[in-house]
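There are 2 protein chains.
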Amino acid sequence: MPEAGIKGYVEANRDRFIAELREVVQQPSISSQNVGMEECARLVRGMLEKRGFQTRLLSAGGHPAVYAERPGTSATTVLCYGHYDVQPPEPLEEWIAPPFAAEIREGTIYGRGVSDHKGSFMARIHGVDALLALDGELPVTIKFLIEGEEEGGSPTLPEIVRQNADLLKSDYALYAGGSKDENDRPVVRCGQKGLLYVELTCTGAERDLHSRHASVVPSPVWRLIHALGTLRDAQGQVTIPGFYDDVIPPSPEDMEALRNVPFAEAKMKANFGIAEFVGGVRGLEALKQFLFNPTCNVAGITAGYSGKGAKTVLPCRASAKMDLRLVPEQMPQDIAGKLRRHLDAGGYGDITMQILGSLEPTRTPLNAPISRAVIEASRRVYDQEPVVVPIWAGSGPRYVFKRYLGLSMVADPGVGHCDGRHHAPNESVRIADYLQGVEVAAEVFRLLGAATPA
Amino acid sequence: MPEAGIKGYVEANRDRFIAELREVVQQPSISSQNVGMEECARLVRGMLEKRGFQTRLLSAGGHPAVYAERPGTSATTVLCYGHYDVQPPEPLEEWIAPPFAAEIREGTIYGRGVSDHKGSFMARIHGVDALLALDGELPVTIKFLIEGEEEGGSPTLPEIVRQNADLLKSDYALYAGGSKDENDRPVVRCGQKGLLYVELTCTGAERDLHSRHASVVPSPVWRLIHALGTLRDAQGQVTIPGFYDDVIPPSPEDMEALRNVPFAEAKMKANFGIAEFVGGVRGLEALKQFLFNPTCNVAGITAGYSGKGAKTVLPCRASAKMDLRLVPEQMPQDIAGKLRRHLDAGGYGDITMQILGSLEPTRTPLNAPISRAVIEASRRVYDQEPVVVPIWAGSGPRYVFKRYLGLSMVADPGVGHCDGRHHAPNESVRIADYLQGVEVAAEVFRLLGAATPA
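Here the protein sequences come in this chain order: A and B.
The numbering of the first sequence is my numbering, which starts it at 1 and goes up by one.
The numbering of the second sequence is my numbering, which starts it at 1 and goes up by one.
Bound conformation, chain A alone:
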């Protein structure tokens, strides 16, 4: 039984795996502060070379990505995306152990980046170890692309992938691994929403004025409020003309998958302290809306005085930061154009629109070979049916691989748990989850080696 073989090997090598994972976590690699980036890239590269991978650093002007490749016995190639950079650890005083000590407490490793996302690529590297030890060779050619700028929005990743499209060419691609859910069920995510992030700014007088002038001097705050009021109605429907044109509604298979996604509705409402969801939806309808509906959210709005008490000022500037989560096949550039034209048509041509972020939505069909392999590997390792999420409500750079390589990605359950605290103090990975993540990686590679490339 190959599964027993992998499991046995992982158990036997547990201490070495954990030591190596801790070593990577102990190397700070804070991309936004340029702390330890070179050292971490070198460390990761060295670990891959030790396994017989040929490695290179790929750069398009930012922190380099570590690229590694090792041939396998089949004609199949699998690309594994990950990132070695981490968020800043602050606030330090809230950590129960130093963020770069990777201390173990009661079977859990605490450290910045252990779950987001060093644990994920390390589990795949250790999955490689298992296959090499058990089989003497890899069942597929494995390519790693481990970038160093994900926490900053992957600014140069599209260029890196575009420039190295031939090098990165693969049959299948795995996104950075995910996590278990609230009930410790493994989760497979087959897509993610896109994102358009814009800042709308409206200006009035050239400086803030005493508010006695408000009867004659135009207010940019009112202007922005009126403009925003035309973008979304009180029921949550986005009213930008054409916004929903390219939305692909969930298929019957998607809805079937949704029925198997546990949705702790009452718990979620209690946790968030809300009485109703947007539009009053419940149950499956709420879950469908959560995952399949695009959004138009005001992430921030600011104008004038926001301190204590009263100040009578006519603000000279008002701005709103908006993030629009997009679903296939809504394209951020297209939506940005529709928003701009809608503002112009409404007489708001003077309101400036700066695009601060743009990610395309992606979906991999549930019956695609990569989806089937990850789902089957999860069944084997976790001994239960994984939660299959057709499209995740968050966003990320998966689209880059679709656009330049034609690859639809899936995120395996990875090594995380539901309280992994990404971007927050006391980020953690449970050792048992990590070892299962190693097993899943090995199983996925094996299953893909046996599959016929699409």
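Mixed in with the good hints, there may be bad ones.
Copies of the same chain look alike in the list, so a pair counts if it works inside one copy or between any two.
[Stated by the list, open to error] Straight line, CA to CA, 30 Å or less: simulated DSS-like cross-link-like pairs of lysine-lysine:
| hint | residue 1 | residue 2 |
| --- | --- | --- |
| 1 | K269 | K311 |
| 2 | K50 | K311 |
| 3 | K169 | K50 |
| 4 | K267 | K311 |
| 5 | K311 | K402 |
| 6 | K338 | K50 |
| 7 | K402 | K267 |
| 8 | K267 | K7 |
| 9 | K311 | K338 |
| 10 | K308 | K338 |
| 11 | K402 | K7 |
| 12 | K269 | K402 |
Hints listed in this document are in silico derivations from the structure and should not be mistaken for laboratory results.
Add chain B to chain A, keeping to what the hints say.
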């Protein structure tokens, strides 16, 4: 000629006046920081006692007001309102001379509070000097009420006036003096707008959430934007039902007065950097709108993230600070009720409304004896027709005297100039303006002594 007499006396006593004014300015009296308040009240009280006034301190729990009274020969009593407290002087580094040095440079006294508003009551005290020296007695009974909390919104003034209504009872009342305009024409202000200041707050989830939840978790930002959108239209009309019910439009006499108010429209637009006034009004129509229209202004709005770049957050709270300038006979409590009922009727009962400020509008008819006396005194002193502003666009505590004493106030041209920099570094009074302010005060008292009480 009595005018020559007053003028001559003022010229002869110029150095003494300036020395005494500087002494009062050199005594800091920062009400918000409780710096020098007791000392300044004592100093002002002493100056009034030296002139034969009977004095008391009146308090309703805050910084005391200096009250002083000296009988005159006629049956007429005039109440002079002023304040001895000043704004904090910060930022200190921007002053060309220490803020409490009251240094004289090229005929101008620089110091915190010299124009706002110590110069005003000192000019009236020196006006008393002139009358006593020239006539041996006062033509009217003069009462001073010089409060110590104006810079903090006069929180206890209503209670002080209410409790001492018998003591303060008068025939006429003068508000703290004003200033000359951009063309150095003296300005008489016969009223001021009221104010309702509220903070509207809307809450959603119990904490900020990742914006991926925006498709199901209600956004308080959108809710506030939609609610605000129902308060005012794009043309500047307030759409709260009943908002304009009690507005008294300008009379033919008001419009006649407006025609004599210089309105540097192009200069004002250039100074503020705006192309058009609200609603596209011009000329007399713009001036009328400026002075006679109530407003509904958003002084501040805040929610979510307003830092650099993009943050994808679904805010849990949104709030707006609103200041509504009211015109006679709009009453702040009534407008607050209408706003609350409008929000409730629109389904926004969950949006909280906190009242942070409330001032009633006041107007004194242009042909009232107090108006006529101040206008005539200005003609005599300045040798030109004063600018008579029927109602000023700003707000203040005049209404307190109307409500508890039945007194309609007028602000004489005072001692200020158009660049007096109230609340800012390098606040100043020009000595020539100060001396004219002394003359005006003396003339007003004389004219009121000759008038028949209304």
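Here is how each hint holds up against the structure:
Taking CA atoms no more than 30 Å apart as the test, K269 paired with K311 passes between copies only; the shortest distance there is 23 Å, against 36 Å inside one copy. When the C-alpha separation of K50 and K311 is checked against a cutoff of 30 Å, the pair qualifies neither within a copy, at 65 Å, nor between copies, at 39 Å. For the identical chains of this complex, K169 and K50 are intra-copy neighbours only, at 23 Å inside a copy versus 96 Å across copies, given an alpha-carbon limit of 30 Å. Proximity of K267 to K311 under the C-alpha cut-off of 30 Å is restricted to the inter-copy arrangement: shortest distance 26 Å between copies versus 41 Å within a copy.
In this assembly of identical chains, the alpha carbons of K311 and K402 lie at most 30 Å apart only when taken from different copies (25 Å versus 51 Å within one copy). Taking the shortest Cα distances, K338 and K50 never come within 30 Å of each other, neither inside one copy (51 Å) nor across copies (75 Å). Taking the shortest Cα distances, K402 and K267 never come within 30 Å of each other, neither inside one copy (35 Å) nor across copies (58 Å). For the homomeric pair K267 and K7, neither the shortest alpha-carbon distance inside one copy (35 Å) nor that between copies (82 Å) is at most 30 Å.
Taking identical chains as interchangeable, the C-alpha atoms of K311 and K338 lie at most 30 Å apart only when they sit on different chains, with a minimum of 22 Å there against 37 Å within one chain. Taking CA atoms no more than 30 Å apart as the test, K308 paired with K338 passes between copies only; the shortest distance there is 25 Å, against 39 Å inside one copy. Within a single copy, K402 and K7 get their C-alpha atoms no closer than 33 Å, and across copies no closer than 88 Å, so neither meets the 30 Å cut-off. Proximity of K269 and K402 under a CA criterion of 30 Å is satisfied in neither setting, with 35 Å inside one chain copy and 53 Å between copies.
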